[in-house]
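Asks: Position chain B relative to chain A; hints supplied.
Protein chains in written order, with this note's numbering: chain A, 1 to 335; chain B, 1 to 335.
No lab work stands behind these hints: they were computed from the structure.
Just to be clear, a hint being listed does not mean it is correct.
[Stated by the list, open to error] In silico BS3-like links for lysine-lysine, alpha-carbon gap of 25 Å or less:
1. B:Lys203 <-> A:Lys7
2. B:Lys203 <-> A:Lys2
3. B:Lys229 <-> A:Lys2
4. A:Lys7 <-> B:Lys231
5. B:Lys28 <-> A:Lys2
6. A:Lys231 <-> B:Lys288
7. A:Lys203 <-> B:Lys93
8. B:Lys7 <-> A:Lys231
9. B:Lys203 <-> A:Lys28
10. B:Lys203 <-> A:Lys203
11. B:Lys229 <-> A:Lys231
12. A:Lys7 <-> B:Lys229
13. A:Lys335 <-> B:Lys318
14. A:Lys28 <-> B:Lys288
15. B:Lys318 <-> B:Lys231
16. B:Lys203 <-> A:Lys229
17. A:Lys335 <-> B:Lys44
This structure is a prediction, so every number in the text was calculated from the model and none was measured.
Number of protein chains: 2
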Amino acid sequence: MKKLMNKAQDFARETIEGIILAHPESLKMVNDNFRCIVRADERKANKVAIATGGGSGHLPTFLGYVGYGLADGVTVGNVFASPSAECMYEVDKAINNGAGVLHLYGRYGGDIMNFGMAEEFASLDGIEVEEVLVTDDVASAPKGEEDKRRGVAGLFYAYKIAGAAAEKMYSLKEVKEVAQKAVNNTRTMGVALSSCTVPEAGKPTFTIDDDEMEIGMGIHGEPGIERTKLKTSDEVVEQMLNRIIEDLPYESGDEVSILVNGLGATPLEELYIAYRKASKILEEKNIKIYRNYIGEFATSMEMAGLSITLLKLDSELKELLDFEAYSPFFQQNRK
Amino acid sequence: MKKLMNKAQDFARETIEGIILAHPESLKMVNDNFRCIVRADERKANKVAIATGGGSGHLPTFLGYVGYGLADGVTVGNVFASPSAECMYEVDKAINNGAGVLHLYGRYGGDIMNFGMAEEFASLDGIEVEEVLVTDDVASAPKGEEDKRRGVAGLFYAYKIAGAAAEKMYSLKEVKEVAQKAVNNTRTMGVALSSCTVPEAGKPTFTIDDDEMEIGMGIHGEPGIERTKLKTSDEVVEQMLNRIIEDLPYESGDEVSILVNGLGATPLEELYIAYRKASKILEEKNIKIYRNYIGEFATSMEMAGLSITLLKLDSELKELLDFEAYSPFFQQNRK
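Just chain A, with the same shape it has in the complex (with noise of 0.2 Å):
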């Protein structure tokens, strides 16, 4: 294992001190609790909150998504693992502002337990709560099936359309409908070259031989859907591209916006000559890119691979879409 790292038992509370340290003005802790997370910022009155969380070791995901226009608050876990119902309870206490909280995240096991656990204490301090998962990882669960399907990249689409719509004033029976929405019309499949290593296991999650990928992996290393020798960037992309489009699926004439996701090590160099050749196939299809995110954006610690994800847009999204969102990690159209 090479990692630039102290203890393995710190990985996480030393990242979040980082964070913390360099962000003081976008970012504090709850209770000095650094699995509790919030904006730092001035809050608004009766504005809907909007709480994530999960494991650490996907920066910018979640921790990154705490912003204007954005997610509120996130507990942190260890590398991939969930963190407690209790820090999300404090956190869905520190960021209510009246309105209820949507508690969006991706669907995992032990945070969707932990996530209801944290339900039922808010709900007894009379804070609304409802949920969202983000289910985008086609790979992760057949078609028809789609509710059973892992959260991966689109969850950055979850937080930049809910957290928009929660700025502007929207309920919480809207932003959920409208988070749901972005989900629904949200698709991603993955490519993994290499494997990462979660700091206090100490070796690599699987092996990978030299000249292979595995397509359709998840964010933790789960299964993909074909082991293969290695491929041209091109050949890879059409068939991530295309099992994407044919699942939702995404239609001549549709509006899309697409983000182009490096796992980890991979230079954005290659991010790009993925964007090229998606591009190319969506103009063939007559599917037109409407916004285009190209970065890391969830990562997998140090692993090596891309994710493709397609939102398909309507004019409601567009507009939350393009409105204004900033954290440390992400800025779009600030003003």
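Replies: Frame of chain A; chain B shown alone:
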């Protein structure tokens, strides 16, 4: 070699094509040549133009810093290879607003020779050209020979300062002077944990054992000052930062900007763990962090490791550092 690419010889071209497809409102080619990229937004008459350039494989350096409040044009070489003088000359002609051009780039042999030839070509056309070489890499030559050092992540500060000065309508002489002041006040040290692979070479640039690291390694794999067993992050940061601080030296009472830069494969989490220690060391030494930057600013493809850069500030440099700047790869204070 595990890369998501097509033919190795197409790597740089396909990268740039992807970038231009993704960001046509910001960047465009000169004469349909992917090696000559300039700003696509509105030009300001009599604004000093800033040209940079160098090999591919370092994104967001160099091309990522072509934008408002940054550089105006870039010449793009193959991976880790200098672009040609002819292309540099084409960029100079394309970006000159009548107030002359500053060649601002890292001190590497091929680039020095080619920018020198381009300067001669441009001068024959009556374009006034000045140059500033970025020489921030402390490990690349001893103290007393600062002008023999290589340019690494400190390039970012040179673009940020010179670009702001140009937007504020400083003269060519003034832009050159303040860019040189920024370079004189900037020091960087890096550490590498793994090699990168140049696509056309097809094998790692250097070998390093699984339990080793190399302090002071350059961004093309140039030898560093110490190869050692892997140390803790805190130890590495302390060693690098002390070397930087002693070199200028940075002193009690100074105000600085700090840049913690990932070399490619290093997770953002590890950059923040490094920032945590760096900020504590600076606080102990009564050196105040005025503004921090943490992320990937100058990479070496998929190399694992990071660098730390300090820029000593005065009131002029603070004003220029705070100035609005944006490109598809960097945004600060965008209005």
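Asks: Taking the hints in turn, state whether each one holds.
Replies: To see whether the hints hold, each was checked on the structure:
Between the alpha carbons of B:Lys203 and A:Lys7 the distance comes to roughly 32 Å, so the proposed pair goes past 25 Å and is violated. Distance restraint check for B:Lys203 and A:Lys2: the Cα-Cα separation of roughly 20 Å lies within the 25 Å cut-off, and the hinted pair is therefore satisfied. Of the supplied pair hints, the one linking B:Lys229 and A:Lys2 holds, its CA atoms being roughly 11 Å apart against a limit of 25 Å. Taking the CA atoms of A:Lys7 and B:Lys231, the gap is about 11 Å. The hint holds against a cut of 25 Å.
At most 25 Å may separate the alpha-carbon atoms for a hinted pair to count; B:Lys28 and A:Lys2 exceed this at roughly 39 Å. About 49 Å separates the Cα atoms of A:Lys231 and B:Lys288, which puts this hinted pair outside 25 Å; it is violated. Between the alpha carbons of A:Lys203 and B:Lys93 the distance comes to roughly 53 Å, so the proposed pair goes past 25 Å and is violated. Restraint check for B:Lys7 and A:Lys231: the C-alpha separation of about 11 Å stays at or below 25 Å, so the hint holds.
With a C-alpha separation of about 45 Å, the suggested pair B:Lys203 and A:Lys28 falls outside the 25 Å cut-off, and the hint is violated. Proposed proximity of B:Lys203 and A:Lys203 is supported: the alpha carbons are some 24 Å apart, at most 25 Å. Note on B:Lys229 and A:Lys231: the hinted pairing is violated, with a Cα-Cα distance of about 35 Å set against a maximum of 25 Å. Under the criterion of a C-alpha separation no larger than 25 Å, the hint pairing A:Lys7 with B:Lys229 is consistent with the structure, at around 16 Å.
With a C-alpha separation of about 21 Å, the suggested pairing of A:Lys335 with B:Lys318 holds against the 25 Å cut-off. Annotation: proposed proximity of A:Lys28 to B:Lys288 holds, straight-line Cα distance about 21 Å (limit 25 Å). Note on B:Lys318 and B:Lys231: the hinted pairing is violated, with a Cα-Cα distance of about 35 Å set against a maximum of 25 Å. Only pairs whose Cα atoms come within 25 Å are accepted, and B:Lys203 paired with A:Lys229 is accepted, the gap being roughly 18 Å.
Distance check on the hinted pair: A:Lys335 and B:Lys44 sit about 23 Å apart at the alpha-carbon level, within 25 Å; holds.
Violation of the numbered hints given earlier is confined to hints 1, 5, 6, 7, 9, 11 and 15; the remaining hints are satisfied by the structure.
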